[in-house]
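Q: If you want the building blocks of each chain, they are given just below.
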Amino acid sequence: MRTERLVQRLLGLAAGCSVAVTLLIFGFMVILGLPLATGGTFFRMFTSAWLPHQGVYGIAPMVAGTLSIASLAVVFSVPVSLGCAALISVLGSGPLPALLHRLVRFMTGIPTVVYGFAGIFLLVPLVREWAGRGSGMCILSAALLLGVLIAPTMILFFSDSFASVPRTYLEAAEALGATPVQKLLHVVIPCSWRGLTSGVVLALGRAVGDTLIALMIAGNATAMPGSVLEPARTLTAHIALVVAADFDSLEFRTLFACGIILYLCTTVMVIFTRRIGAAWEQQRW
Amino acid sequence: MNAPAYQEEQMKPEYKMSSENLDFYYGDFKALHGVSMDFKPREVTALIGPSGCGKSTYLRCLNRMNDLIPISRVEGKVTLDGEDIYAPSLDVVMLRRKVGMVFQKPNPFPKTIFDNVAYGLWVNGIKDKAFVQERVEESLKQAAIWDEVKDRLQDTALGLSGGQQQRLCIARALAVKPEVVLMDEPASALDPIATQKIEELIHELKETYTIIIVTHNMQQAARVSDVTAFFYVGKLIEVGDTDTIFTRPKKKQTEDYITGRFG
Chain A
1 MRTERLVQRL
11 LGLAAGCSVA
21 VTLLIFGFMV
31 ILGLPLATGG
41 TFFRMFTSAW
51 LPHQGVYGIA
61 PMVAGTLSIA
71 SLAVVFSVPV
81 SLGCAALISV
91 LGSGPLPALL
101 HRLVRFMTGI
111 PTVVYGFAGI
121 FLLVPLVREW
131 AGRGSGMCIL
141 SAALLLGVLI
151 APTMILFFSD
161 SFASVPRTYL
171 EAAEALGATP
181 VQKLLHVVIP
191 CSWRGLTSGV
201 VLALGRAVGD
211 TLIALMIAGN
221 ATAMPGSVLE
231 PARTLTAHIA
241 LVVAADFDSL
251 EFRTLFACGI
261 ILYLCTTVMV
271 IFTRRIGAAW
281 EQQRW
Chain B
286 MNAPAYQEEQ
296 MKPEYKMSSE
306 NLDFYYGDFK
316 ALHGVSMDFK
326 PREVTALIGP
336 SGCGKSTYLR
346 CLNRMNDLIP
356 ISRVEGKVTL
366 DGEDIYAPSL
376 DVVMLRRKVG
386 MVFQKPNPFP
396 KTIFDNVAYG
406 LWVNGIKDKA
416 FVQERVEESL
426 KQAAIWDEVK
436 DRLQDTALGL
446 SGGQQQRLCI
456 ARALAVKPEV
466 VLMDEPASAL
476 DPIATQKIEE
486 LIHELKETYT
496 IIIVTHNMQQ
506 AARVSDVTAF
516 FYVGKLIEVG
526 DTDTIFTRPK
536 KKQTEDYITG
546 RFG
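Those protein sequence lines, which keep their order, are chains A and B.
Residue 83 in the numbering used here sits at position 83 of the first sequence, with consecutive numbering throughout.
Residue 474 in the numbering used here sits at position 189 of the second sequence, with consecutive numbering throughout.
For the record, the hints were derived by calculation from the structure and aren't laboratory data.
All residues carry an ideal CB built from backbone N, CA and C; glycine is no exception.
A portion of the hints provided could be inaccurate.
Claimed, not checked - Cβ-Cβ distance ranges computed for the label pairs, FRET-style: (1) 14/A with 412/B: 52 to 58 Å; (2) 185/A with 544/B: 49 to 55 Å; (3) 112/A with 412/B: 43 to 49 Å.
So that you can see chain A by itself, here it is in the shape it has in the complex (with noise of 0.2 Å):
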């Protein structure tokens, strides 16, 4: 009975520390941005461009690089992560699916600098040739990688909820003469939409948060980028940036306005999960 007790006060602190830290980072962000508020540069700041040298601290180009790299790799990611996933757990036979598992959950393990090096040896000058023009770091290259770096994490989600689809229902399809594809496509997906769009929106979450392979891939240009072969600047890249130069000025004090953002990204990104798993476990297919 007191072991219990006991167990149960430590799994209580372990819940309060980790909101506690959630909601504290949250406060830090707001009290240290609320300077730029009261100054009145706090929204323009989310329209007009980086100019730090004319006192010009926008970050509209980041909001806007961060946006198209992380849309773009989950455009990227979504079709081949599904027919990953689709592979291991519906189509694929013999030894195929339990390999390409395996496979797929060593790379959550890769470092991403890993995945930044590969890229600047092998993509870039590939994207560069392409395109004919620039150096190759652009938002296409950072969000093809990009894209790579978040399969996993959706092919083991998607596979995952594939798994879980009630027996009964394959083998009612099965009976029917369904075709492996046709039972892919009218019974397993319908039937794991809640796992598919917690995959995505996860995924897309960690494309947003991720910081390394921006930094090293997409080119850091500050200004607004005008096509995906134009270099980019992400939220996260930018601050990682400017932190290591400065501590102490006007520009320093925008990147709290950029974690905010970020910070509301990944909380409204939650809550989305959340509604429509809700939704679609109300009406399923």
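Fit chain B to the given chain A structure using the hints.
A: Coordinates of chain B only, in the frame set by chain A:
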């Protein structure tokens, strides 16, 4: 004018389905030992026997549902209209369209009643709306559930009672016009009234289809079937006219089972 049809009739073997020395293994475990039996067209055959005797395994060999089990293995021969269904050249998808199946637990898809019945047609590539509509109605009527659902075809199938769901699953199996219908204890999860409806339905379906039904319930086997086969520990002990099996069984094991001395 009828000559080709007549010739075709002549060419058809006497039996709709047959198995010859069928062995089935789950890994190292031999679940079926040399089962040979024949199924005549438009007859109901009941497979009876105690739990674990292999009757469901045998049933699932007849439309290759056991293919889904990774470590299983089949030896021997099963034929449909004289054609070996385990031949490498045979298309399993086509086989399952000819040999439909109804499961123990009603398993409608979490879709509307209409979509459930239409599903088999869609996977067959039939898209003509009027045709699908017609076939859905016909199948629901055949499965004796039309009157209960005709006003709510667009409601979810999960809102139906267990008995209705099972008849819906039968309609779903019939919609693709199979030739043989396999039923794996179709009434074991249902109450007596729903069970009676399923049994009446089997009587009507027999006019058109060859039906093979696994059942735990011996009264049910006696009521619905023309032929009864008794399985015990993976072997086919005895097969014969239902009347004969239940009144004058030749084997002692069959007699012990049907008189309730074991199992």
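Q: State for each hint whether it applies.
A: Comparing the hints with the structure gives:
1. 14/A with 412/B: 52 to 58 Å: About 56 Å separates the Cβ atoms of residue 14/A and residue 412/B, which means 52 to 58 Å holds.
2. 185/A with 544/B: 49 to 55 Å: holds (51 Å)
3. 112/A with 412/B: 43 to 49 Å: Holds, since residue 112/A and residue 412/B (Cβ atoms, about 47 Å apart) stay within the stated range.
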